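*Asks:* Going line by line, the protein sequences match chains A and B. Count the first sequence with this note's numbering and you get residues 450 to 804, in order. Count the second sequence with this note's numbering and you get residues 1061 to 1211, in order.
By construction, these hints were calculated from the structure, which means they are not laboratory data. Hints are not guaranteed to be accurate.
Listed below are the simulated SDA-like cross-link pairs for lysine to any residue, each with C-alpha atoms no more than 25 Å apart in a straight line [said to hold, decoys possible]:
no.	chain 1	residue 1	chain 2	residue 2
1	B	Lys-1106	B	Gly-1082
2	A	Lys-488	A	Leu-588
3	A	Lys-488	B	Trp-1194
4	A	Lys-488	B	Glu-1104
5	A	Lys-757	B	Gln-1084
6	B	Lys-1145	B	Thr-1068
7	B	Lys-1200	B	Leu-1190
8	A	Lys-679	B	His-1136
9	B	Lys-1080	A	Gly-735
10	A	Lys-781	A	Arg-637
11	B	Lys-1103	A	Gly-469
12	B	Lys-1073	B	Asn-1181
13	A	Lys-727	B	Ala-1083
14	A	Lys-488	B	Arg-1186
15	A	Lys-611	A	Arg-532
16	A	Lys-757	B	Arg-1199
17	A	Lys-758	B	Lys-1203
18	B	Lys-1203	A	Leu-493
19	A	Lys-620	A	Val-555
20	A	Lys-616	A	Asp-578
21	A	Lys-757	B	Asn-1181
If you want the footprint, here are the derived chain A segments under chain B, 3+ residues with CB under 8 Å [what the hints assert, rightly or not]:
no.	stretch
22	479 to 486
23	748 to 760
Just so you know, these numbers come straight off a predicted model, no measurement behind them. By construction, the Cβ of each residue, glycine as well, lies at the ideal position given by its N, Cα and C atoms.
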Amino acid sequence: MGPQHPSTHGVLRLLVQLEGEIVHNVQPHIGYIHSGIEKMAESLSYPQIGHLTDRMDYLSAHMNNEAVALCVENALQIEVPERVKYIRTIMAELTRLASHQLWWCVMGMDMGALTTFFYGLRDREDILDIFEETCGARLTVNYSIPGGLMFDIHPNFQRDVKAFIKKFKTKLPEYDKLLSGNVIFTERTKGVGYLSREDAIAYGVTGPTARASGFACDLRKHQPYSAYSKVNFNEILSDVGDTYARYQVRMQEMWESMSIIEQLIDNIPEGDYAVKMKGVVKLPEGEFYQRVETARGEFGVFITSDGKKNPYRVKFRSPGFSNLFAINHIAKGWKIADLVAIMSTFDLVIPDIDR
Amino acid sequence: MTNEALITAIGKKEAQAETKTGAQYVETFVPLARLHDFMVQLKEDKDLAFDYLICVTGVDHADHLQMVYHLESTTHKHMLVVKVKTADRQNPVVDTVSDIWPTAEFHEREAFDLLGITFSNHPDLRRLFLDENWGFPLRKDYKDDIHIVSR
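Sequences are here, hints too, so could you generate the full structure?
*Replies:* Below, the structure written as structure tokens:
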């Protein structure tokens, strides 16, 4: 399957061993768009590295930016203003919503339902418009930088976000009506592609994919950063672990994201949108690791610094990389059409895996 | 487990481990030959129970290469960073931990691909991103006259 197969959503090649329709072995072949971001980062300054990260998982661009920003801020022991924390959290949740919307519409398309694609993209457009107004970009936002934010929010930001939430609350039930109860869809997903909690942990699977197997790994809950400690939300867990559970976890997460945004949007404190940083950012000697929860799972930035203005070594622990390699374990014994459904609930973004 | 308790517990498991509290997490250096046994104990011991391998990183430190393992226990919620140095940089060999945590299989393939670290007893050690004839780009002495423009 691949590298141009319509269900691989990018240049991913799966070498599938079959017996009739039954999958015996799946070996992912990756590297088609390996861009050497870790090598590139070694010759860039810390604020510049942030701009590379939203090219990795472009659907979680804001969270990736935030991870680098938090890592540098923690290493320098800089405390950013409350306003920055609130805005970062709202932006991260909007990004998660946009990412899950795209996942949902593509999931439907993989199952042969083209209508979902138009529903999802229609609503995602509203979020991208909000991003464009504030960040100047729709996808690669470059918004969080070490020390704070690139710009302050647009004067219309709060109004637009509230309008979007109000609108999307009526649209999300439509998603359920269209796909969640559909007989063909449930037949193809319920009871297909089990992943147990132990295996999820052993394979390093994180994010909604792992939470559908009962692995409580939501870093927003367990190691709160930015403003997550100030909001009430549920970590969505399921103990079923099949394809349908992974679908339902993401659907429920969209409600939680909207709830988080609603709790914060009217309470953004006044203040600066960034602290004054030195012209040249130098990290003290040492090793720094920062983990954040992106739409796909745990994203980690590991910086080894030798005290210069560019890092000695940067490693990006991307959620997609670890998640993808559990696919052989899950898909073994299921039919090739099930492999498409399983892969769809993994929500893969290939640049995130290849880096 | 608190950091102090963690350091004591690790000292009991491995006398040669150099453990200290780092900037964020407890960090421990283990001798190369002891790595695999030590990692098995980290996972099997009920009080430590490091069942989740988060991140595996290879770093080139001029005279030697280093592997860094970030571990977390999903039951006790504590974290540990395990580090190991290779003997030299010409022929770096580290024991695989992929039999303990399956996720390591692919992280180790990445380290093999980009840094040229060989993992003994690895079930399927092949290049991951790049093709067979490529050098090891994350090494500090890597030179690629064709693809890289140096300024």
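*Asks:* State for each hint whether it applies.
*Replies:* Verification of the supplied hints:
1. B/Lys-1106 to B/Gly-1082: Holds, at roughly 24 Å.
2. A/Lys-488 to A/Leu-588: holds, 23 Å
3. A/Lys-488 to B/Trp-1194: holds, 15 Å
4. A/Lys-488 to B/Glu-1104: Violated, at about 36 Å.
5. A/Lys-757 to B/Gln-1084: holds, 20 Å
6. B/Lys-1145 to B/Thr-1068: Cα-Cα ~22 Å, so holds.
7. B/Lys-1200 to B/Leu-1190: holds, 17 Å
8. A/Lys-679 to B/His-1136: Status holds; Cα separation ~24 Å.
9. B/Lys-1080 to A/Gly-735: Roughly 13 Å between the alpha carbons, so the hint for B/Lys-1080 and A/Gly-735 holds.
10. A/Lys-781 to A/Arg-637: holds, 16 Å
11. B/Lys-1103 to A/Gly-469: violated, 39 Å
12. B/Lys-1073 to B/Asn-1181: holds, 23 Å
13. A/Lys-727 to B/Ala-1083: Distance of about 22 Å is within 25 Å: holds.
14. A/Lys-488 to B/Arg-1186: holds, 20 Å
15. A/Lys-611 to A/Arg-532: Distance of about 18 Å is within 25 Å: holds.
16. A/Lys-757 to B/Arg-1199: This hinted pair holds, its Cα atoms lying about 18 Å apart.
17. A/Lys-758 to B/Lys-1203: With Cα atoms ~22 Å apart, A/Lys-758 and B/Lys-1203 stay inside 25 Å; holds.
18. B/Lys-1203 to A/Leu-493: Given that 25 Å is the threshold and the Cα spacing comes to 18 Å, the pair holds.
19. A/Lys-620 to A/Val-555: holds, 17 Å
20. A/Lys-616 to A/Asp-578: holds, 14 Å
21. A/Lys-757 to B/Asn-1181: Not OK: A/Lys-757 and B/Asn-1181 at ~38 Å, beyond 25 Å, violated.
22. 479 to 486: holds (count 4)
23. 748 to 760: Check passed, 3 qualifying residues.
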